[in-house]
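Asks: Keeping the supplied structure of chain H fixed, place chain A upon it in accordance with the hints.
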Amino acid sequence: MKTICFYFQIHQPLRLKTYRFFNMGKDHYYLDDVANSTIMRKVANRCYLPMNSLLLKLIKQHKGAFRISFSMSGLAVEQFREYAPEVLDSFRELAATGCVEFLGETYAHSLASLIDNDEFVDQIKKHSAMIKKEFGMKPTTFRNTELIYSDTIGETVASLGFKAMLAEGAKHILGWKSPNFVYANAIDQKLRLLLRNYKLSDDIAFRFSDRGWNEWPLTVDKFISWITPEDVPGEIVNLFMDYETFGEHQDASTGIFDFMAYLPKAALATKKIKFATCSETAAAHQPVAVLSSPHPMSWADEERDVTAWLGNELQNEAFNKLYSLRPSVKAIGSKDFDYVWNFMQSSDHFYYMATKWLSDGDVHKYFNPYESSYESFINYMNVLSDFAIELDKKKEELGKSARKSKSVSHA
Amino acid sequence: MRVLMFGWEFPPHIAGGLGTACYGLTKGLAKHDVKVIFVMPHATGNEDQRFVRVVNASDVDATYGDFGKEFIPGDMTFIHIDSNMVPYISPEEFEAERVKSQQTEGRVTQHGDVWRERYNFSGRYGANLMEEVARYAVVAAEVARQLEGQFDVIHAHDWLTYYAGMAAKQVSGKPLVVHIHATEFDRSGENVNQSVYNIERAGMEAADRVIAVSNLTRNIVTSRYGIDPSKVVTVHNAVTFGVDSWKDFERGVDDKIVTFLGRITYQKGPDYFVEAAAKVLKKVPNVRFVMAGSGDMMNHVVRRVAKLGIADRFHFTGFLKGDDVQKMFAMSDVYIMPSVSEPFGISPLEAMKSNVPVIISKQSGVAEVLDYAVKVDYWDVDAMADAIYALIQYPALGKMFARKGLQEVTSLKWDNAAEKVKEIYESVSQ
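If you're matching them up, the sequences are chains H and A in order.
If you want our numbering, it's the 1-based position in the first sequence plus 5.
If you want our numbering, it's the 1-based position in the second sequence plus 18.
Please keep in mind that the hints were generated in silico from the structure rather than gathered at the bench.
Each statement offered as a hint is correct.
Simulated crosslink set (EDC-like; lysine to aspartate or glutamate; CA at most 16 Å straight-line): (1) H:K31 / A:E268; (2) A:K345 / A:E268; (3) H:K31 / H:E395; (4) H:K279 / H:E240; (5) H:K276 / H:E235; (6) A:K325 / A:E293; (7) H:K398 / A:D273; (8) A:K249 / A:E223; (9) A:K53 / A:E444; (10) H:K398 / A:D272; (11) H:K22 / H:D38; (12) H:K399 / A:D272; (13) A:K325 / H:E318; (14) H:K31 / A:D273; (15) A:K440 / A:D170; (16) H:K31 / A:D272; (17) A:K417 / A:D351; (18) A:K53 / A:D170; (19) A:K393 / A:D404; (20) H:K47 / H:D256; (21) A:K371 / A:D351.
Just a few of them, taken from the derived set where beta-carbon distance is under 10 Å, the chain H residues facing chain A: (22) F27; (23) G30; (24) K31.
So these bits of chain H aren't anywhere near chain A, every CB distance computed over 12 Å: (25) K22; (26) D207; (27) R212; (28) D215; (29) P238; (30) S406.
Model, not experiment: these values are computed from the prediction.
In this text, a Cβ means the ideal position worked out from N, Cα and C, and glycines have one as well.
Excised from the complex, chain H in its bound form (with noise of 0.2 Å):
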């Protein structure tokens, strides 16, 4: 018997407006709210909206044998509920079936985990209580932003009461071992881990319409004897992909949605294949090895590296800069400022600023909405500085009624 664990990312950044250098201390609202409300729409109709109705159809129809995983970004939580509530009900009604589990990530989404360790504890235990907020269940099991992991990060994640966590099943990590089966982390081994089939993944959520590919067209038929037989090893399939591939990166016309729909009943009527949520699948299966990963990986590129985002010196000279401002932002405390470096924080202002465009170009082209590196880098930096100024000022007048109130009490 083999288990396919379906697990699903959401997310939507909250995208900048073209903030230039004269907005400078004058203006700051930062986002680009008709991009932000036009996409999240257009993604709602084409994806979130018709996915969800489909999966809480099979999940009933399959009394239980269908189940599922989302992990779901702050960022695209707070644009649901600003621009398409309906969604959030629909998730709602999938949490309420008790098939679907919400795994625990960051809340914007971030990168936190390379550079600020406290920022990253902080930002996942805002998103759980988010999760235990919008859903009503705590996250049990984690995923980093853009499947970022390593050793020490699992550590850090092991400490926060997480019993499981995902990861990419990366070549240069796993060498001769498969993918197909639970691990544990190398520091602390109550942490297991979930490694992404990143070939069957990849299959649905990048090859499934490409017609220059030898196996298309790619038909559930296909697909499950790519994994029911007794001499493909493992006793796990993790499927682990944007959940935007259903309708937005693979358009309704490609038959996906029809793929999805006949997968569950053809796999389940195999008698060999049964579907579990992140955490059932880690709980079921021993670890047979402790796993390695002393530099951080992600289910990124061909590097599996976390380069997308921190591989230049456009993209360091950002992110450095940026969490500079956590003290000052900390210290503050307020929900307006917490909301802005949140949205700042998010990894695709990184992902933006990439200037690897050889073989992976295509998939950044596709995400991103500048017409270059630079021009983003510029535009980010000229928002940062503007955050920075108003920290500055915020802090400043803090620190006066601060003194003010105590010249008061000593009067």
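Replies: Below, chain A without anything else, positioned relative to chain H:
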């Protein structure tokens, strides 16, 4: 006095200082009763025509095969010159322009007579620049013929129009004045484009007088092009005073602002500005640096700024248009022009006009006419940092430079420059 003037750009469609200078000069000439017929490619109809008549070169019929061959030197070949040799345009812009021009350029409208063709000029520096320069000369000859008896002297600005000026001279027999706003050595350092150099030299040799915008440029004309010094005259540029509605523009940030405004190209020395900025930021935190403009070195500069870790204090605005230039000046506490080679450099004058103290490189023509500007060698990053520091830290100094500078720049009138130019016209047309 009536002048047939060949230019390549005129406000509002300008990419660089040439258009501004042409505007100021023609305005000044108008005050001295000089009538100007300004010929430029692709006039769009909304040039400011209060002072000049704009003739659209594209509207003039050129008779094919008549004098075309005669005025295009027989040994000339049309070449697609390298992008960095093209004035005012970066490789990226050049490439975009090239793609665009493939769709729209070279359009020849036939109307009945197959021997007569109407040339459509792109009006911008394009892929087949040399071809355009030559075509422009063909049309110029036709313009000169049609306007026979309506002008006394021909005035051509920069190498792009020299063939046009020469052709007009040949057709009309009127004297030719060529105006050097920049030489190939200013644009390209020592790696000159030989074809451009040849056109420049041919123009200067054919001219009855050569006007250089500074003594610096005059030196280059005589030493590098071997032109007889007795026919080369320096006429410094000046500055146009319009209504300055941005004087009271409210600035958003409290920090001091140091501004570089110009094309981000090797010639303008943007690198030295960045290094000086990094030095200043080590001493004073409350200062911001702004690089306004675009150009082929922009990405390089952005990377360098990031590498130095000063991107939160060093900002890029991209190319500024219209009011934004005035806004930028109004926000600035110091203006800097660290040009490696600048025949004149009109932008510091614009800054001074807005009450901004300026730092200019000794390698600029404008340094010859200014006393109240801090002058440094473009390569002397320490001196540059020192000057920036002094102007922002010692307000008395900055104020003094701003006040005296405004007086000084006010005396640099196009009227005076135009008067000199008129004298030159008179000396050649006798």
